[in-house]
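Chemist: Just need the whole structure built from these sequences, with the hints factored in.
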Amino acid sequence: MEHIVFGIGITALTGALATVAGSAEDTESNIGSQGDPNSQVQLAPQMGFLHRIFNKAVAGEPPAYGLWCALGAGLAWAFMAMQFNAVLAIVLGSVLAVFVQGVYATTAYVGRTASLSKFGQPVYVDILKSMTTVTMAHAFIAIFATVAICQLINGALGHPFPLPLLGLIWGIALGAAGSATGNPYYGKERQYQNQKFGAGVPISASGNIVRYAEAGERNSLDNGWFTAKIGGSASGICFGLIVFLELWRTVLFEQVAAGWGAIVVGVLMILVFTVVDRYIEVWARKNYGPYSEIKEASS
Amino acid sequence: MSAVAAKPTAGSAMNPTAMAVGVVLLLILLGIAYYVYPAGLIPLLLIIVGGVLIGFGVHFVPVGGAPAAMGQAPGIATGVAMLAAGGGLAGLFGGAWAAAAGQDALVVVITGGIGGGLMMAITCMMVNFVYVFGMGIPAASGKVAKDPITGDTQAEYKSQGTEGHGLPFISFVGGVIGGLFAGAGGTLIYLELLNVYQAALPAVMGITAAQVMPIAVSAAGMFAVGLFLVNAVLTAYNITGTIEGPHDPKFKRWPRSVVASAVASALCGLVAILIVAM
Amino acid sequence: MTVKVEVIEGGIPHNKIMIAGIVSTLVCLYLTYLNVLTSTEMFSFFGGLAVVAALLWGSHTIKVLCSYGIGTGVPSAGMIAFGSGVIAMLLATKFGILAPIVAAVLAAVIGFILGYVSNNILNMKIPTMVQSLTEMAVVGALTLMGFAALMTGGFTFAGLTTGHVTSLGMVLLTHQQSFLGGCLIAVAFLLGAIAIQHPFNACLGPGWKQDRMLMLTAECGFLSMLVAAVMSFALISTGSAIISLVIAIIGWAYTYKEYMVMSKRDAAAWLDAKPIPDVEGH
Chain A
1037 MEHIVFGIGI TALTGALATV AGSAEDTESN IGSQGDPNSQ VQLAPQMGFL
1087 HRIFNKAVAG EPPAYGLWCA LGAGLAWAFM AMQFNAVLAI VLGSVLAVFV
1137 QGVYATTAYV GRTASLSKFG QPVYVDILKS MTTVTMAHAF IAIFATVAIC
1187 QLINGALGHP FPLPLLGLIW GIALGAAGSA TGNPYYGKER QYQNQKFGAG
1237 VPISASGNIV RYAEAGERNS LDNGWFTAKI GGSASGICFG LIVFLELWRT
1287 VLFEQVAAGW GAIVVGVLMI LVFTVVDRYI EVWARKNYGP YSEIKEASS
Chain B
296 MSAVAAKPTA GSAMNPTAMA VGVVLLLILL GIAYYVYPAG LIPLLLIIVG
346 GVLIGFGVHF VPVGGAPAAM GQAPGIATGV AMLAAGGGLA GLFGGAWAAA
396 AGQDALVVVI TGGIGGGLMM AITCMMVNFV YVFGMGIPAA SGKVAKDPIT
446 GDTQAEYKSQ GTEGHGLPFI SFVGGVIGGL FAGAGGTLIY LELLNVYQAA
496 LPAVMGITAA QVMPIAVSAA GMFAVGLFLV NAVLTAYNIT GTIEGPHDPK
546 FKRWPRSVVA SAVASALCGL VAILIVAM
Chain C
8 MTVKVEVIEG GIPHNKIMIA GIVSTLVCLY LTYLNVLTST EMFSFFGGLA
58 VVAALLWGSH TIKVLCSYGI GTGVPSAGMI AFGSGVIAML LATKFGILAP
108 IVAAVLAAVI GFILGYVSNN ILNMKIPTMV QSLTEMAVVG ALTLMGFAAL
158 MTGGFTFAGL TTGHVTSLGM VLLTHQQSFL GGCLIAVAFL LGAIAIQHPF
208 NACLGPGWKQ DRMLMLTAEC GFLSMLVAAV MSFALISTGS AIISLVIAII
258 GWAYTYKEYM VMSKRDAAAW LDAKPIPDVE GH
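Residue numbers (this note's numbering), protein chains in the order written: chain A, 1037 to 1335; chain B, 296 to 573; chain C, 8 to 289.
Be aware that a few hints might be false.
As the list claims (entries may be wrong) - Ranges between beta-carbon positions, derived for each pair: (1) A:E1250 - B:A395: 50 to 58 Å; (2) C:I256 - B:F546: 49 to 57 Å; (3) A:A1173 - B:V319: 51 to 59 Å; (4) B:Q455 - A:G1084: 20 to 28 Å.
By construction, these hints were calculated from the structure, which means they are not laboratory data. Just so you know, even glycine gets a beta-carbon here, dropped at the ideal spot from N, CA and C.
Modeler: Right, here's the structure in full:
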């Protein structure tokens, strides 16, 4: 019984950490402009729309976060093997991982922009100086929280995988969840703020991202503020739910019916989310209504 | 991650000669396994099944790529290989835990599948949540006139100038199924390699079974991740980057991917098993 | 809808880079064998240099492959390279002193078959697919072997699976605190997979220049060597780890500075706190 109570307590803590990690990850990837929305930032100069957005072309979020978290976890593992205190080890590991992330961010920005010199896009050194530290700070929160989750799962809950492998797994899952949830919000809502709200961006508008913003010229720090409104929180809830529910159903139900208990609970959870998703979809159709008459199949 | 310029498209054509060569290659690899290490034949067959599950499952996952990030195409706005990897690895995590708790093989594999499916279900639901409540855009498919499961008409909910957006219900279901298969496949590969290593490494390395556990778990886990990525990338090549889900015409290309995944998994699985045979 | 890649030419031909890459990687890997001959771990840093050499070759291979437009983006190529390379590398470590050569041959076979599968069964029909995937699998295997040599001092299976733990003043052999037992191979895997695709991904565009990309590759290699050297403190003697760390820091600082200089050379403008320049009609 105590074993289960202890497990639930750890699960709750990891759920909270995961929520923080998810929102920090999405905010960081929007400040740095990483992943699929970044293709618009790269396309804009080619269509003649020069900008002052940080263009962090470091793979997509899943592999990149897989690396930062695995690296943080591996370094933490090495420090713990050298008899460092666990919390200190995780902090030091995250710091070094963030250093690597910052270096990759700067080389990506400078490299891509230099290769677009044909279109006249300049490299803005002040963007480099101001964005890099902000994006590193958000990444630190995400990496630290994720490595802490891995340490809790391995140390307190007894998962067989060693820390670096857990870091790889949860880093990739973090990147996938944060990227899936946060990318359309950044790509459509923020970069194409000048398009009509409530509809996708027409193909003819590609590249015409917002460059002159609320006050002055838009830069990526503004995107951090914007992300925190809903995209960051949604990504946080997404990753937090993933970690919490996965751990919760295992800790509570693993021993019920020789493992079938956890499976049944998992199926029930999937069904609940399916119902919720269907409700959201129907709600949108009913409340937003169609764009055109039902008879015409215009595209 | 950006797709690069168009090339002369390979299209969805099947290449019967190449498929036949693939099947022959598969049989040769199985033969080598039987000859060098007979106890590894069944594990290798199951590893192939796992790899095929991954390759086939990834076809279900709705991926829209860069256009989806602008609300121009339906699907999730991430790369297909890594999104599938995220789901499948979350499943592998759960499956490995069940294996360590001593559950039997069927329970372990299904647990892995459920883990992957749950991750995809939550992610797909949150994607629709952001589209509907954050951006005010309903879900619509660009490839079918009516959703095959719910019968909802799609064309009038598609905004002008786009190919659709969000995750229509068929895409959601596709994502969950993809996560199920990918998680189950990855867990199956892990379980088979773990069993092979636990059985044979103590003799090879001259240590006890308890001492070999960290090595066996790490090696099996790492190989499962590696095989996972290889199969996911091969599927990404098959669908050329984006797919809306099981209703997309591109889905019909899956036979090519099954053969490709089988050959790749057989090859990598054989090499992984030979570690204890040589 | 995305960055257009025109045919990028110029610079040293790929085959020269390939031959230089494979020779220097194998030479550096074998130089770590000096550890065995001298019973120390001081020469582990050659493993890191092997990583840099292999990455230089691999990033150019990715440039050759992805210039044809494979439709999925650059990072996937890195993943498939290392996914196939890690399995080849671990089997090869069982062959003692022949390990690097066996790794190269085995990875080449795996890469060749994967290339055939992609080009013919999956109908990708890209001219350099088979050769590129073969090369990338070899690069993946050798890079991982370089990381293993850097972090543990050798490339044999026994070395990767045993470590030392000091308990009550006694040094005990353990399998948990080892390169494979602690799964540091997962970190090496991702370090290499991101480092191999980053240079081409980051220098992608009409203004691509070979010397800038290769300098960035060296910078990524030394950066990876830096963090791997920090992790090696847990597995090899402190003195040897410090040697690797110092060499990595010097290498990284030099290549990073040079890369920035080259980027400044190639950029349209290098502005500090200036507004967006006006372009006709926008």
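Chemist: Of the hints given before, which are not true for this structure?
Modeler: Every hint satisfied by this model.
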